[in-house]
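Line order of the protein sequences matches chains D and C.
Residue numbering for the first sequence follows the working numbering, beginning at 2 and increasing consecutively.
Residue numbering for the second sequence follows the working numbering, beginning at 2 and increasing consecutively.
Going by beta-carbon spacing under 7 Å, a handful of chain C positions derived as facing chain D:
id, residue
1, Ala16
2, Leu18
3, Ser51
4, Val52
5, Gly62
6, Val83
7, Leu123
8, Gly149
9, Asp170
Listed next, with one range per pair, are the computed distances between beta-carbon atoms:
id, chain 1, residue 1, chain 2, residue 2, range
10, C, Gly163, D, Ala132, 22 to 30 Å
11, C, Ala132, D, Cys74, 13 to 21 Å
12, D, Pro56, C, Asp111, 34 to 42 Å
13, D, Glu114, C, Ser21, 19 to 27 Å
14, D, Cys74, C, Gly121, 39 to 47 Å
15, C, Arg129, D, Gly152, 40 to 48 Å
16, D, Gly155, C, Gly40, 38 to 46 Å
17, C, Asp170, D, Ala100, 20 to 28 Å
18, C, Gly155, D, Ala16, 21 to 29 Å
19, C, Thr65, D, Gly152, 28 to 36 Å
Derived by calculation from the structure, the hints in this document are not laboratory data.
The beta carbon of each residue, even a glycine, is placed where N, CA and C say it ideally should be.
2 protein chains.
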Amino acid sequence: MTATPGLTAPPLATAELLRSAFRRHAAGVAVITARGDAGPVGFTATSLTSVSAEPPLLSFGIGTGSSSWPAVCEAEYVGVHVLGEHQEALAATFARSGADRFAAPTAWYDGPEDVPVLDGVLAWLVCRVVARVPAGDHRIVLAEVLLGDPGGAGRPLLYHQGRYDRLRD
Amino acid sequence: MTATPGLTAPPLATAELLRSAFRRHAAGVAVITARGDAGPVGFTATSLTSVSAEPPLLSFGIGTGSSSWPAVCEAEYVGVHVLGEHQEALAATFARSGADRFAAPTAWYDGPEDVPVLDGVLAWLVCRVVARVPAGDHRIVLAEVLLGDPGGAGRPLLYHQGRYDRLRD
Numbered sequence: 002m003t004a005t006p007g008l009t010a011p012p013l014a015t016a017e018l019l020r021s022a023f024r025r026h027a028a029g030v031a032v033i034t035a036r037g038d039a040g041p042v043g044f045t046a047t048s049l050t051s052v053s054a055e056p057p058l059l060s061f062g063i064g065t066g067s068s069s070w071p072a073v074c075e076a077e078y079v080g081v082h083v084l085g086e087h088q089e090a091l092a093a094t095f096a097r098s099g100a101d102r103f104a105a106p107t108a109w110y111d112g113p114e115d116v117p118v119l120d121g122v123l124a125w126l127v128c129r130v131v132a133r134v135p136a137g138d139h140r141i142v143l144a145e146v147l148l149g150d151p152g153g154a155g156r157p158l159l160y161h162q163g164r165y166d167r168l169r170d
Numbered sequence: 002m003t004a005t006p007g008l009t010a011p012p013l014a015t016a017e018l019l020r021s022a023f024r025r026h027a028a029g030v031a032v033i034t035a036r037g038d039a040g041p042v043g044f045t046a047t048s049l050t051s052v053s054a055e056p057p058l059l060s061f062g063i064g065t066g067s068s069s070w071p072a073v074c075e076a077e078y079v080g081v082h083v084l085g086e087h088q089e090a091l092a093a094t095f096a097r098s099g100a101d102r103f104a105a106p107t108a109w110y111d112g113p114e115d116v117p118v119l120d121g122v123l124a125w126l127v128c129r130v131v132a133r134v135p136a137g138d139h140r141i142v143l144a145e146v147l148l149g150d151p152g153g154a155g156r157p158l159l160y161h162q163g164r165y166d167r168l169r170d
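Okay, chain D solo, but in the shape it has when bound:
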């Protein structure tokens, strides 16, 4: 939408309003991985959230235009990684279009259920996908926690107003 000079600006388009409101919000940073037919895939997500304790479910969003979507669409298992403030470069790699995200210096291994597991994270989980809920141009993936390790060293990486940030305390 373009405002005509001299007239009152129109209300924000709702997509722009959503974007502006979430620039005010802060979020933790995660990387989601899966084993695709053509190799490992993964992407940086700021939408990771805990959903339910019984059964233990989490969720994250993924755009259907994302390079990881064809693999995540088919995957039975996904890897979920909580990134630390020391992993800003890793977060950027998994957010960059066209990057070979699993090439050096990315350190990872084939984990349980053949899921790619990243080294050096605060916590990782291997989860079974239980639903992919259509939501506009995205899907909300619901997944049940199977196993993992919440004991990595460090403090969480954050994202706010379009850049990475850290906790104060």
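Given the coordinates of chain D, work out where chain C should sit on it, guided by the hints.
The following block gives chain C in isolation, referenced to the frame of chain D:
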């Protein structure tokens, strides 16, 4: 699960593993409101996330045992508020069981579509509920942004390891 003394401890129960992993994660803090038959309801959420740009959708989780659930289950509209670091007391009020959350000192007004809108937040949105997705003992509420204001003053309130926190920069 109970470990037998003298034996190797069993793997973490998966619900405990989920909880431990998300204690390492950090999240922004929101308050969700709705107009119930018996008055305004609202609760503090760390699960607010942007979902889709087209159409403009967001999501949050709510437990089906929550005091706000009967109203949110029926509501056509909800209010979504991004809290600032100056609003830790408000976040605590809307997380406390049994509190009269809309009594003084909570400052609020009847906003568009009769949705309760809180004063002093970083951003607020009035949204139309488009889905309530069953997910274990919770529901994921999907809602479309209708209008709001992302222009409040301040920086976001965060939640990490069971307590409120702030951004460093």
